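**Q** Please build the complete structure, drawing on both the sequences and the hints.
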Amino acid sequence: MQLNVALQDGFDDDEVAIRVAGDEVYRDRVTTRTQISHAADLQLEVPDGPFELEVEVPARGVRETLQLDPETQPNVAISLLEGRLVASYPERLGFA
Amino acid sequence: METYDEELELLTADEVESEEEAEAIQVPEAIATPVLGPVSGVYARPTIGLPISLEPAPIGIRPIRKEEIRLDVDGRYPQMTVSGTIHGYLFSRTHWIARLRKIGPSRWRGAIWYKDGAVASFPYTAVDVIAAGGPYPSSRTVKIVFSGGGITQRTVVYRYASAYYRTVNFEFDFQQGEIADTAINTCAHPVRPASLPCETLTIPKVFQRAGCQVTTNPTSTVPAPPGMTWSDMEMHDAMQIHWSRIASKAQWAMWIFYASLHESGNGLGGIMFDDIGPNHRQGTALFVDSFIAQPPANDPKPDAWIDRMRFWTAVHEMGHAFNLAHSWQKSLGTPWVPLANEPEARSFMNYPYSVAGGQAAFFANFEYRFSNQELLFIRHAPERFVQMGNAAWFDRHGFEEAEVNDEPTMTLELRVNRDAPRYEFMEPVWIEVKLTNTGDQPRLVDADVLDADSLTVILKKEGKEARQLIPFRQKCLAPETKAVMPGESLYGTVLASAGLNGWDVAEPGTYTIQAAARTGDEDVVSAPFTLRIAPPLSRDEEYSAGDLFTQDAARVLVFGGSRFLDGANDLLQEVVERFPERRIALHARVALGNPLTVDYKQVIPTDDGVELDVEAAQPDEAAKLIGPALIGKADIAAETFGHIRYRTLAERVARRLATAGAESEATKTIDKAIKTLDARIPDDRPAKPKVIADLNETREEVAATKKTTRTRGRAKAKAKA
Chain A
1 MQLNVALQDG FDDDEVAIRV AGDEVYRDRV TTRTQISHAA DLQLEVPDGP FELEVEVPAR
61 GVRETLQLDP ETQPNVAISL LEGRLVASYP ERLGFA
Chain B
1 METYDEELEL LTADEVESEE EAEAIQVPEA IATPVLGPVS GVYARPTIGL PISLEPAPIG
61 IRPIRKEEIR LDVDGRYPQM TVSGTIHGYL FSRTHWIARL RKIGPSRWRG AIWYKDGAVA
121 SFPYTAVDVI AAGGPYPSSR TVKIVFSGGG ITQRTVVYRY ASAYYRTVNF EFDFQQGEIA
181 DTAINTCAHP VRPASLPCET LTIPKVFQRA GCQVTTNPTS TVPAPPGMTW SDMEMHDAMQ
241 IHWSRIASKA QWAMWIFYAS LHESGNGLGG IMFDDIGPNH RQGTALFVDS FIAQPPANDP
301 KPDAWIDRMR FWTAVHEMGH AFNLAHSWQK SLGTPWVPLA NEPEARSFMN YPYSVAGGQA
361 AFFANFEYRF SNQELLFIRH APERFVQMGN AAWFDRHGFE EAEVNDEPTM TLELRVNRDA
421 PRYEFMEPVW IEVKLTNTGD QPRLVDADVL DADSLTVILK KEGKEARQLI PFRQKCLAPE
481 TKAVMPGESL YGTVLASAGL NGWDVAEPGT YTIQAAARTG DEDVVSAPFT LRIAPPLSRD
541 EEYSAGDLFT QDAARVLVFG GSRFLDGAND LLQEVVERFP ERRIALHARV ALGNPLTVDY
601 KQVIPTDDGV ELDVEAAQPD EAAKLIGPAL IGKADIAAET FGHIRYRTLA ERVARRLATA
661 GAESEATKTI DKAIKTLDAR IPDDRPAKPK VIADLNETRE EVAATKKTTR TRGRAKAKAK
721 A
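Those sequence lines, one after another, are chains A and B.
Heads up, the first sequence is in our numbering, so the first residue is 1 and it goes up one at a time.
Heads up, the second sequence is in our numbering, so the first residue is 1 and it goes up one at a time.
Hints were generated in silico from the structure; no laboratory data involved.
Where hints are given, some of them may not hold.
[Said to hold, decoys possible] Partial selection, computed: residues in chain A whose CB lies under 10 Å from chain B: (1) GLN8; (2) ASP28; (3) THR31; (4) ARG33; (5) ILE36; (6) GLU45; (7) GLY49; (8) PHE51; (9) GLN67; (10) GLU91; (11) ARG92; (12) LEU93.
Every value quoted in this text rests on a predicted model; they were computed, and no experiment measured them.
We treat Cβ as the ideally placed atom computed from N, Cα and C, and that holds for glycine.
**A** Here you go:
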């Protein structure tokens, strides 16, 4: 099943690692373009049922583990705000 | 060009109530008749053709060039706010904002909660606002009594100027083959607020309701790019070619481009792409074939949904060009005031599908408007924060409000007389200013146009805010004009290091200095001049600098000495003794010796009033102090003081020493100046022959003074005998 993930606000040349059920599926340096609140977006193959999505910004020492069910939460937007990774689940991912 | 002057759908002021409480202040009773009809809009202080003074005047903004206020208490989305901007010449200005509470018919009161610019010189804390006049806007006035801050109240009457807070120009251009409307039927889609009026709403009308007078240009067609998708750079290039208002400057204008798709794909609905080059926020685009053209599967009216999303996207991107952030980003970055995030706002700046309940919940309550804090920003924030193409203060637009002639007939140059503009630590920075008539007609200018207090001088240390030099000396002279012939130049000098603001150019680092001179109705702006201050050579210098960088020491240096400011004199004496090889020692020597060259008068307070005390000149002591600087190190003196000031000092000292009887030192001083300036060719600019000729004349004058002094001395001796 596919999960849409967007890295949104607060990233400034940060290396971000994303793990699906413990397996690293993404690692890259990203920077937010503030006028579209967009640093990166990706589609991940994830289990059909609930699973753990782990997002880490190693250089800042922050990590967040989310319990997700892609059936009900097909879109995840993650921002780095005040030293914390904050997730939201918009109806759809798109930028403007 | 089409102008939108539609009816503003204004409510009357008395229909608007505010729940805000303002602090109680003492104000005079209202004497004006309440206004019939709405009063919101811009009011300006009447201009009388000449600079007008303001008492008590903010020193950094004197004289006032113009003053306006924006009253926002009725009409569409009133913010119960009044804001004002006081413009001095060129750079200086004060911007203030007050929150208002209605206290009577056509009368409001409130506290000033925001200040920007010359804030230290605008101490008021509260306003009392009274609107008066008839039903016709042109007859309306607003009287504001400023109070608080521990100074006398200030009362100003402003006249109606406009119902709009800003005036902005839009140009909508379309990629070839793309058709999208800039208007929408607000009731075309069934998911909408029940109370939403059905109307044909245009994009200009949205911004009119936000407080902007909108003009539009004819549209033009932009050829599709290869591959049919657009990169940011391609759109920026297209803007350069197709936007009729393109200009490398801040202006109230933007380009809105209706394109097919961005190269990043379907997920980008629109973008304020213009963060390229020095003038950001002038260009926006929406991608009409992106996800904004993909309605939800079961939407009851897909075509109307698409029209609405395109309309929303266009206004959203235009909001970015006004420097509005996303609703959930308000607290990020550097907001103009502390802002709260508004993740659930039904604003053009929020993403419809990100609110609780998704896009259907958003549009069910969306009234095609900006939020109140966004409206406050558009209407009342300092212009440079909002205006398209403007940037961080002075980073790229030092003189954004200068009235610069498109075809200037005068030039202003800043320069120093050294190979590279590098200064020792503690070395005072004297800048030379040259104003040249480059036209083919004589120009009349104020005789003191290049005096420090006539110029506007901006100082900016790398990485710091720009500051205006506020000179110690503020003259009040009867106007006198001078004709500058074609090709002729006027010269002046300015101490850039320090003024009433303190020591602005002193710490080690790189500084940019820019100046402007007012010549008639035209501002002549110099190119930025960059200089570098070296770090201290020792901890000892670092400690001494703390004492040197004071107001008194700066005053003594700029006024050429004092016999009154003993503390500063002691400090300069210490500098001479401890750092004899450093350039600051030359400045200290001249400042210490100069007052000793003449009989020095001081007014002494007594029980009966005042009496005049005269201390006799001490020419030998003066010569001992000044000689090692102006004679012993003449070449360095010419460099550190600059040729103009060095010459001025040498001539003045020579004349005074001769008058006081130190004839030999007087002659040596002027001879050395002639020899030094004749030999120096900094930056391939030798001294003008006239300068050397004038110095030779001064030498003859000094010689004549010596003769007179001897004759008078002999005559006196005879009389005694």
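**Q** Give a verdict on every hint.
**A** Hints versus structure:
1. Proximity of GLN8(A) to chain B holds as hinted, the smallest CB-CB distance being about 9 Å (cut-off 10 Å).
2. At its closest, the beta carbon of ASP28(A) sits 15 Å from a beta carbon of chain B; the interface hint therefore is violated under the 10 Å criterion.
3. With a cut of 10 Å, the hint placing THR31(A) at the interface with chain B is violated, because the nearest CB-to-CB distance is about 12 Å.
4. Here the hint on ARG33(A) is kept, as its CB sits about 8 Å from the closest CB of chain B, short of 10 Å.
5. For ILE36(A), the interface hint holds, the least distance from its beta-carbon to any beta-carbon of chain B being 6 Å, beneath 10 Å.
6. Restraint check, GLU45(A) versus chain B: the minimum CB separation of about 18 Å is more than 10 Å; hint violated.
7. The beta carbon of GLY49(A) comes no nearer than 23 Å to any beta carbon in chain B, farther than 10 Å, and the hint placing it at the interface is violated.
8. Hint status for PHE51(A): violated, given a least beta-carbon distance of 23 Å to chain B, over 10 Å.
9. A cut of 10 Å between beta carbons decides the hint on GLN67(A): the least distance to chain B is about 20 Å, and the hint is violated.
10. Hint on GLU91(A) holds. Least Cβ distance to chain B is approximately 3 Å, under the 10 Å limit.
11. Residue-level restraint check for ARG92(A) holds (minimum Cβ-Cβ distance to chain B is 5 Å; threshold 10 Å).
12. For LEU93(A), the shortest C-beta to C-beta distance to chain B is roughly 7 Å, which falls under 10 Å, so the interface hint holds.
Hints 2, 3, 6, 7, 8 and 9 from the list above are not met by this structure, while the remaining hints are.
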